[in-house]
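There are 4 protein chains.
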Amino acid sequence: MMTASEVRVRYAETDQMGVAYHANYLVWCEVGRTDLIRHLDITYAEMERQGVRLAVADAQVRYQASARYDDVVRVETRLTSLRSRLLTFRYDLFRVPEPGAFEGERLATASTTLISVSSEGRPVAMPRHLRDILGQALLGSD
Amino acid sequence: MMTASEVRVRYAETDQMGVAYHANYLVWCEVGRTDLIRHLDITYAEMERQGVRLAVADAQVRYQASARYDDVVRVETRLTSLRSRLLTFRYDLFRVPEPGAFEGERLATASTTLISVSSEGRPVAMPRHLRDILGQALLGSD
Amino acid sequence: MMTASEVRVRYAETDQMGVAYHANYLVWCEVGRTDLIRHLDITYAEMERQGVRLAVADAQVRYQASARYDDVVRVETRLTSLRSRLLTFRYDLFRVPEPGAFEGERLATASTTLISVSSEGRPVAMPRHLRDILGQALLGSD
Amino acid sequence: MMTASEVRVRYAETDQMGVAYHANYLVWCEVGRTDLIRHLDITYAEMERQGVRLAVADAQVRYQASARYDDVVRVETRLTSLRSRLLTFRYDLFRVPEPGAFEGERLATASTTLISVSSEGRPVAMPRHLRDILGQALLGSD
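Chains as they are written, first to last, in the numbering used here: chain A, 1 to 142; chain B, 1001 to 1142; chain C, 2001 to 2142; chain D, 3001 to 3142.
Hints were generated in silico from the structure; no laboratory data involved.
Don't be surprised by glycine CBs; every beta carbon is placed ideally from N, CA and C.
The reader is advised that the hints may include incorrect statements.
Partial pick of chain D residues on the chain B-facing surface, computed with a CB cut under 10 Å [to be verified]:
#	residue
1	Arg-3008
2	Val-3031
3	Thr-3034
4	Arg-3038
5	Glu-3048
6	Arg-3068
7	Tyr-3069
Here chain A stands alone, though its shape is the one from the complex (with noise of 0.2 Å):
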C-alpha cells in the first residue's frame, strides 16, 4: 500500500536561503505517515488513546531538489517494516508540477524508524490488534 498526501509550503517554513527549511521534510513526512494510517481501520490519534504511542527512533533524509514556497509537495509514504515494536516507514517527497508541466521533480527520499512505546516511553510490543491492523499496509506494498 502506498498513500499520497500533499502540503502546500508555508511562507513559515522557508528559511534566509530562500527554500524550505531542511527539518521541515520531516514534519511533511509526519503528515505523510499519519495519512498512511487514516487510510487503515483506525488513526494515529486513536491509536494513542489505547495507549499506543510511536516514538521515533531513528530518521535519515536524503535532499535531492529544494522545495521554495507556495510548492505543493507530494508525500508518497510506504510502510516497509513491521515487527513487534518497530515499524519503518518509507517517504518518496516529490515537486508537484504547475499544470501543463510535464513531471515532478523530486525532492527528497527519507525513511524513519517508529519504537512503540508506553504512556511512560518505555518500549512495549504493540498489541495484536494493532499489529493486524498496520499489517495491512505491509500487503501489496512496493
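Starting from the known structure of chain A, fit chains B, C and D onto it as the hints suggest.
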C-alpha cells in the same frame, strides 16, 4: 520585577524575507515567561506537575524592527497583572548590539494573557500558594 | 470577499499540554492570507518577485478553544483595510466538526496588519496595480 | 576540534507525547554547527555575505532518549569530513544533568552532510580561503 533572557536567532527561525518569521517572537516571549517564573521559587515545569496549566488566552505583538539570523535578542519580561485565573505578561524585545555599538534597537513589544486551566482544560483558580509565589513578581514591577 | 482555508493540525504543532501550541495559529493565519491573495489575480509569491514584500507590523490573537492533533481547522480570512502601505486582515478560526456533528466550535479570532516594504526593508507604497488587485478583496468584504 | 553548545528545550518544541518533537533535534544540530563555525575566524552569516551557502544534502538522527521541556541539551559538534563541495558534521546530544547528578544521559547521535551552493542553488566548490578556515576544525578532530 523584570527578568531578561537572551536568545540567538536560529537559521530555522528565518524566512525567505531574510528576517526572523514573525510567529517566532511569541516563542521568544515564552522563553522570557519561563525564565521569569524560574526566578521565583518554582518552575513552570513544576507548576504543571502540581496540576496547574497556563493556556494562552490572548496575544498581541507590535513589530518595530526585524530580527535577523544570528542576532542576539534580549527579552525583558514583566508580570503586569495577576488575578485568580488570569495573568498578563509584557515583553520588550531588543537586538543586543555588537560589542562597541551604542545601544540595542527595539524589535517589538508584546503582551500575553494566560488563563489557569485544569488538566482537562477547564478554567480554574490557581492554588493560593502559587498566586503568592507569582505575586512576588508583581511587587516592584515597573 | 471572504476565503476559507483548511489546515489539519500536525503532531509537530502540538505541545505537551496536548493541544496546538498558540504561536501556530499565526502560521495558519498566514495560510489563510496566502489563499485570499491567490483568489485574486496574483499570488504572494508573484508579488515578491515584483519586489513587494509584506512584513507583519502587528498581530493579535484571541484564543477561545484549543485545537487538537488531527483536528481540521477552518480559517476564514477577510481583508478589512487597505491603505497605500498598510493592509489589515481578520481571521476567524473554527474547528471543522466531525461528520454528523452540528456545527464547528470557534477556536480563535485574529488580526494582522502588514506593511509594504522594499527588498531592503524600508516602508514603501504598494504599486498602483497591486493595490487595485488587492482592493477587489475589500469590495463586499463583510 | 569539538565545540559544545547548550539549548534549553522550549515549550514550543514539545509535542503531546510530552517530549521534544523529533524534528527539533535537527534545529539543535544547526545551533551546534553555527557555533562550531563561529569558533573559527568567520561566522556562517559572514560566509553567506561572501556568497557561499551550505545546503543540507543528507541528515541522519538516531534517537536514544527523549529530551523534555526545560531540559538543557548539550550538543557536541565535530566536523568529520571536508571536501571541495561537501562537509560532514557529527553531533552528540546529551541531557545536562541537574546539579549533583552524576552524568548526562545520551539523547541522540546525528550527522549532516552539507553541500556548497551558489546563490542560485548550484553546487560550487568553496573558495580556497573558506576551506582553509574550515579545515582548522578538522585538525585534532576526534
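Hints and how they fare:
no.	hint	in the structure
1	Arg-3008	holds, 8 Å
2	Val-3031	holds, 6 Å
3	Thr-3034	holds, 7 Å
4	Arg-3038	holds, 8 Å
5	Glu-3048	holds, 8 Å
6	Arg-3068	holds, 8 Å
7	Tyr-3069	holds, 6 Å
Consistency note: the structure conflicts with none of the earlier hints.
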